[in-house]
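**Q** Quick mapping for you: the protein sequence lines, in order, are chains A and B.
Quick note, the first sequence lines up with residues 5 to 272 if you use our numbering.
Quick note, the second sequence lines up with residues 586 to 982 if you use our numbering.
These are calculated hints, taken from the structure and not from any lab test.
C-beta: ideal position from N, C-alpha, C; glycine also.
Errors might be hidden in some of the hints.
Think about it this way: if two alpha-carbon atoms lie no more than 25 angstroms apart in a straight line, the pair counts; the simulated DMTMM-like pairs of lysine to aspartate or glutamate are [as the list claims (entries may be wrong)]:
hint, chain 1, residue 1, chain 2, residue 2
1, A, Lys111, A, Asp155
2, A, Lys111, B, Glu922
3, B, Lys711, A, Asp139
4, A, Lys64, B, Asp729
5, A, Lys165, A, Asp155
6, A, Lys165, B, Asp875
7, A, Lys194, B, Asp875
8, B, Lys740, B, Asp686
To give an idea of the chain A side of the interface with chain B (calculated C-beta under 7 angstroms), a few residues [claimed, not checked]:
hint, residue
9, Arg135
10, Thr144
11, Glu179
12, Trp186
For reference, the chains in residue letters:
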Amino acid sequence: MIALQNRSVAGVNVELLQAGAGRPLLFLHAGDGMDWGSPLVAQLSSRFQFVAPSHPGFGKSELPPHFNQVSDLAYFYLDLIEELDLRDVLVVGCSFGAWIAMEMAVKSCERISQLVFADAVGVKFAGREVREIADLFSLTPGELAHHVFFDSSRFTPDYSKMTPEQLAVVARNRESFTLFGWSPTLHNPKLRQRLHRIKAPALVLWGAQDRVVSPDYGRSLAAALPKARFDLIEGAGHYPQVEQPAEFASRVTAFAAPKLSAAGGVAR
Amino acid sequence: MNFYYFSEQGYYPAWNQITGPLRIDPPSSLADPAVAGPLIHRCLNEWSLADQLGMNIMVNEHHASYTSMSISCMLTLAILARITKNARLLALGVPLFNRPDPYRVAEEAAYVDVLSGGRLELGLVKGTGYELPISNQNPVRNMDRFWEAHDLVLKAFANHDGPMSWEGEYFHYRNINVIPRCWQQPHPPIWMPTFSANNAREIARRDYTMATFTTGYGARVVFDAYRDEYQKAHGVPAPLQRMSYLGMVAVGADKKTAMERGERVASYAFATERTPPGKLNPPGYMSSSDNARLLTNQGAISFFFNKSLPSGRKMSNPPSMEEMIEAGMLFCGTPDEVAQQITAFCDAMGGVGNMLVQMGGMLEAEENLDSLRLFGSEVVPRLLKRQKAERLAEPAQ
């Protein structure tokens, strides 16, 4: 049974899902918020102690007035894993969540033993006149779905079928995502030079048809990390966790099983 | 009543050449500098004429736009400070959402105020959402940043005793020292535009001049809120000159000429509809509760959306010329007709102190000058005469 809790962590009231038992897996959702009904929740909580909060400012989690950078979220999550006394944590971040995961890991991997960065944003590789990460803040809902999904016909949200409460969450998530990601557009110019600090093994997982950040960006990310392996999921755009949840869960589980298998791995 | 002549300095020759958005996205290759230069000179000539007619002047600014080539209020006003003699020079306004450097805003405003001998009227406005992708300022928490920028500009004006520092939430300066300081002390009159009653109350509390733009008869709620809050906050009725309305205006010696001109002036309103939909309203520009409602009602972001006519009938979207006139968005006709339309509108608002008179659009140079000349020499005297008669008819206090 999945129970959504509201609790105060590091002085911030957040909504948090904890399900399953075993090794802790901290799931950091993408910029459009946490989908509690995702099949991923059941798939991952059957193998892990699955911990999934709504980021501060997202869903029904409080947004402290002084929060305005991804590093604020990163410090918050380092506090969270300490307060929940999670150890040997597998952090799985999707898109914006992967950016948060990277910002956590460059600060401290003390309690983090593995990371999955899925279709990450957050790092700048190309030149100053090249936009590697699509500007997700200048798109209509229809354009956004086209960028994010391989098959947008299956996943374009139908706002006319949502309750006012659900619409409020959609609008709030978009606003908070913008607060943290507006400029520089969805990246921290300093992060590239800090990636060497992520000593824990990482799986860089990518939707093969991602139109927000290309698989080549993912390959660059894997190459820039000390211990990372790159892997593609076919039939998925920017959100493989949504379009191919079973495949996503199985890749994560396989990566986690022999915990050190990624050590010394190379990008391909 | 005071009258401010306004034109957006549009590059209208391209409006029919471009398919799709006229703002933010279209290529600059369609704006020929050899056409743009004379067009800007033409607008400066219009403002010169307005000054000679005894009218005041209003300018604004937009960015990356074929609807407005004015990219800085203070650039235009610096020229007008030099070539006009008496007109009050209204910037409505400097978009603080989109200005990363409010200290510079204070410096430029003080410069224009000094150059014009104290004729600056300073509008501190928020700015459009669709220009945030240009300035790259974060749409989220924009009102907090707006008020900090506002406080900084006023503090910079007030500070005359050497450098001051500012270490705020959004702005950081180690050495603020505006030289030359403003001619008008403590600072030029401040204006703020609004479309909402809540904002009108805020503007009233601060004793600033309020303006509302092309909202039509629905603007009554804004005027009422301003008057109500002004009385509460200051214990006296709101002075008429604190309340302003901007309408599109076209005047002709005969009805047919006026209607043709009106159509060309109103083409501006249709041009402004052509903004890239994805950039129109970046997340955070409007409140998340408003955005939640907009998710199921995208058409709400439109110049023409949900406007009611005085008859109670809903205005069409897009509206006809007649509807725009009936709505009080466009004042159009012979001098008598325009004077009547403006009088009826101002009466319905409970009084308007400043009429902001927008022409331009797709008007050709000569017809714009003629329309302006008719307004200044025929319409203004009719309105002032009526105002004087009303004052005489009032019982002595």
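**Q** A separate judgement is required for each hint: does it hold in the structure or not?
**A** Here's how the hints hold up against the structure:
Distance restraint check for Lys111 (chain A) and Asp155 (chain A): the Cα-Cα separation of roughly 36 angstroms exceeds the 25 angstroms cut-off, and the hinted pair is therefore not satisfied. As the CA atoms of Lys111 (chain A) and Glu922 (chain B) are separated by approximately 71 angstroms, the hinted pair breaks the 25 angstroms bound. Among the hinted pairs, Lys711 (chain B) with Asp139 (chain A) is consistent with the structure: their alpha-carbon atoms are about 23 angstroms apart, no more than 25 angstroms. Straight-line distance between C-alpha atoms of Lys64 (chain A) and Asp729 (chain B) comes to about 22 angstroms, which keeps the hinted pair within the 25 angstroms bound.
Using a Cα cut-off of 25 angstroms, the hinted pair Lys165 (chain A) and Asp155 (chain A) holds, with the two alpha carbons roughly 20 angstroms apart. As the CA atoms of Lys165 (chain A) and Asp875 (chain B) are separated by approximately 18 angstroms, the hinted pair is consistent with the 25 angstroms bound. For the hint linking Lys194 (chain A) to Asp875 (chain B), the alpha-carbon distance of about 35 angstroms lies beyond 25 angstroms, and the restraint is violated. For the given pair, Lys740 (chain B) sits about 14 angstroms from Asp686 (chain B) by alpha-carbon distance, which is consistent with the 25 angstroms threshold.
Restraint check, Arg135 (chain A) versus chain B: the minimum CB separation of about 12 angstroms is more than 7 angstroms; hint violated. The beta carbon of Thr144 (chain A) comes within 5 angstroms of a beta carbon in chain B, closer than 7 angstroms, and the hint placing it at the interface holds. Given hint, Glu179 (chain A) at the interface with chain B, holds; its Cβ is 5 angstroms from that chain's nearest Cβ, closer than 7 angstroms. Checking Trp186 (chain A) against chain B by beta carbon gives a least distance of about 4 angstroms; that is within 7 angstroms, so the hint holds.
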